[in-house]
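Colleague: Let the sequences and hints guide you as you build the complete structure.
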Amino acid sequence: MEKIKVGIIGPGNIGSDLMYKVMRSENLQMYMMTGISESEGIKRAEGLGFKTSIEGVEAILKDSEVKIVFDATSAKAHQIHAPLLKEAGKIVIDMTPAAVGPYVVPCVNLDQLSDVDNFNMVTCGGQATVPITYAINKVADSKYTEIVSCISSKSAGPGTRASIDEFTQTTASALEKVGGADRGKAIIVLNPAEPPLMMSNTIYSIVKNPDEQKIVDAVKDIVKQVQAYVPGYKLRVPPIIEGNKVTVIIEVEGAGDFLPKYSGNLDIINAAAVAVADKLAHKMLGKAV
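Just so you know, the sequence shown maps onto residues 1 to 289 in full-length UniProt numbering.
Don't take every hint at face value.
[Stated by the list, open to error] Between beta-carbon pairs, the in silico distance windows are:
(1) 192 <-> 88: 36 to 44 angstroms
(2) 260 <-> 23: 17 to 25 angstroms
(3) 228 <-> 80: 33 to 41 angstroms
(4) 117 <-> 228: 42 to 50 angstroms
(5) 165 <-> 247: 21 to 29 angstroms
Rather than coming from a laboratory, the hints here were simulated on the basis of the structure. All C-beta atoms in this analysis are idealised placements derived from N, C-alpha and C, irrespective of residue type, glycine included.
Modeller: In structure tokens, the structure reads:
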């Protein structure tokens with residue numbers, strides 16, 4: 001069966017988990033993992049029989065076989081990689097908060113994006129909360145949405161910690177641009193609790209048209225849509241409507257492909273990214289919708 005070959009830049013936790021998710025795809029072929037040192041991630045990919053390199057983005061640029069690239073490095077690194085990958089004709093799935101290309105949340109706006117070669121996956125918090133923000137705004141017109149993403153400290157690697165500012169800025173922007181809120185704010189909490197807790201996301205909205213039934217139905221519907229590509233996405237606290245204030249809490253349990261199940265923050269952005277790449281590959285292969 002013909003598949004589209006994929007390269008991953010960044011062999012850390014996110015890159016390694018992406019590798020296992022890509023391996024399950026009907027349309028994507030895991031082909032290359034690159035980094036800048038002989039890391040455990042590089043050794044792991046090599047052990048599975050994939051092409052590896054410690055030349056970073058250069059290895060991807062030189063290999064015409066790679067059609068879709070996941071950049072799982074950092075926001076600053078992606079700013080450098082993006083124009084190089086564009087010039088090389090690669091389609092890029094940006095796992096960082098760099099936001100070079102448009103934000104994409106699969107169940108909300110993927111079908112609306114065309115002629116795009118750099119897809120920004122927002123942030124883990126964005127993937128978890130933008131769908132709920134969108135659902136609430138669609139039926140109740142949100143004038144302000146604030147989200148708090150609480151993740152286990154153990155699931156926040158160096159890439160996440162180096163991009164905290166970008167996380168809050170990019171997530172807040174996506175709440176507005178994709179979620180539809182008039183104004184958005186994002187907060188991230190790294191919880192050091194032992195044993196590690198599942199990712200929890202609180203969405204708090206002030207709305208103009210607080211129709212309780214419409215809000216409840218819209219939230220339940222969007223949760224099902226996210227679960228199509230993130231099975232561990234759960235409505236922990238259904239919508240609580242108090243006057244014009246709406247509160248929803250979402251929990252995300254990881255699939256456990258490579259990372260612990262409590263790392264729902266990494267799992268959701270990876271699952272969303274592979275869902276985007278899979279749909280792009282489906283189209284590139286000329287398969288029927």
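Colleague: Hint by hint, say whether it matches the structure.
Modeller: Consistency of the hints with the structure:
1. 192 <-> 88: 36 to 44 angstroms: The hint (36 to 44 angstroms, Cβ to Cβ) holds, given that residue 192 and residue 88 are roughly 41 angstroms apart.
2. 260 <-> 23: 17 to 25 angstroms: About 19 angstroms separates the Cβ atoms of residue 260 and residue 23, which means 17 to 25 angstroms holds.
3. 228 <-> 80: 33 to 41 angstroms: 34 angstroms, holds
4. 117 <-> 228: 42 to 50 angstroms: Since residue 117 and residue 228 have Cβ atoms about 25 angstroms apart, the given range 42 to 50 angstroms is violated.
5. 165 <-> 247: 21 to 29 angstroms: 26 angstroms, holds
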